[in-house]
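Colleague: On the provided structure of chain A, position chain B as indicated by the hints.
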Amino acid sequence: QQQVKQSPQSLIVQKGGISIINCAYENTAFDYFPWYQQFPGKGPALLIAIRPDVSEKKEGRFTISFNKSAKQFSLHIMDSQPGDSATYFCAASQSGNQFYFGTGTSLTVIP
Amino acid sequence: EAGVVQSPRYKIIEKKQPVAFWCNPISGHNTLYWYLQNLGQGPELLIRYENEEAVDDSQLPKDRFSAERLKGVDSTLKIQPAELGDSAVYLCASSQGSGNEQFFGPGTRLTVL
Numbered sequence: 007q008q009q010v011k012q013s014p015q016s017l018i019v020q021k022g023g024i025s026i027i028n029c030a031y032e033n034t035a036f037d038y039f040p041w042y043q044q045f046p047g048k049g050p051a052l053l054i055a056i057r058p059d060v061s062e063k064k065e066g067r068f069t070i071s072f073n074k075s076a077k078q079f080s081l082h083i084m085d086s087q088p089g090d091s092a093t094y095f096c097a098a099s100q101s102g103n104q105f106y107f108g109t110g111t112s113l114t115v116i117p
Numbered sequence: 111e112a113g114v115v116q117s118p119r120y121k122i123i124e125k126k127q128p129v130a131f132w133c134n135p136i137s138g139h140n141t142l143y144w145y146l147q148n149l150g151q152g153p154e155l156l157i158r159y160e161n162e163e164a165v166d167d168s169q170l171p172k173d174r175f176s177a178e179r180l181k182g183v184d185s186t187l188k189i190q191p192a193e194l195g196d197s198a199v200y201l202c203a204s205s206q207g208s209g210n211e212q213f214f215g216p217g218t219r220l221t222v223l
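Protein sequence lines, in the order shown, are assigned to chains A and B. Just so we're aligned: the first sequence equals residues 7 to 117 in my numbering. Just so we're aligned: the second sequence equals residues 111 to 223 in my numbering.
These aren't lab readings, by the way, just hints derived from the structure by calculation. Values in this document were obtained by computation on a predicted structure and should not be read as measured data. Here a beta-carbon is modelled for each residue, glycine too, at the ideal position from N, C-alpha and C. Some clues are possibly wrong.
Where chain B lies over chain A, by a calculated footprint (3+ residues, C-beta under 8 Å) [claimed, not checked]:
hint, region
1, 44-54
2, 88-102
3, 106-116
Derived lysine-lysine pairs resembling DSS-like cross-links, with alpha carbons at most 27 Å apart [claimed, not checked]:
hint, chain 1, residue 1, chain 2, residue 2
4, A, K74, A, K64
5, B, K125, B, K181
6, B, K121, B, K172
7, B, K188, A, K48
8, B, K121, A, K48
9, A, K48, B, K125
10, A, K74, A, K63
Just chain A, same shape as in the assembly:
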């Protein structure tokens, strides 16, 4: 059973546009929701993370929106750049123990 469901599977955005990736979860005990960025041949790298006590967190061009009642969270990349082209994974964990990852979104930003 997929603990975290992620969509879309792939996304193509024009340079300067907004990229939006969505994730949904069922386990209300999850208390930590990170987003990872992965380039080909590299391991995932933490991009930004949020805890359920806030509804939004912004770091530079990257924003997480969190809807606790809907059990959904999303990553917004503002002013998308070609260098943002990568695979993005959402994840969730309870008390920092086992992390459950989404299936990934392949983002392509067209110049």
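Modeller: Here is chain B on its own, set in the frame of chain A:
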């Protein structure tokens, strides 16, 4: 600061052969994770160590997979014998305690023929 080091980066073996992967975590990181990443999928936890103790190995297929972290620093993941379905990327990650940011290595891409 050096990141998580994994070797080899690539490995091609025939089915039924044994294979081992090595991971050296970031210095001072007591928590070490091994993940399996299939093509087009997110990482799936195989085992988590706190120092030298395996605190979560519930997802490790123990009939053919084994892991060790004898001195609480570097770790080895072994598969014996390998099967075709084991072809994947094996990622190692480390953190300063569970719940803190995980730093991933580049992974070992295993191909079983």
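Colleague: Evaluate each hint against the coordinates.
Modeller: Evaluation of the provided hints:
| no. | hint | result |
| --- | --- | --- |
| 1 | 44-54 | holds (count 6) |
| 2 | 88-102 | holds (count 5) |
| 3 | 106-116 | holds (count 4) |
| 4 | K74/A to K64/A | holds (17 Å) |
| 5 | K125/B to K181/B | violated (31 Å) |
| 6 | K121/B to K172/B | holds (21 Å) |
| 7 | K188/B to K48/A | holds (21 Å) |
| 8 | K121/B to K48/A | holds (16 Å) |
| 9 | K48/A to K125/B | holds (26 Å) |
| 10 | K74/A to K63/A | holds (14 Å) |
Figure legend: structure checked against the earlier numbered hints; the only hint not met is number 5.
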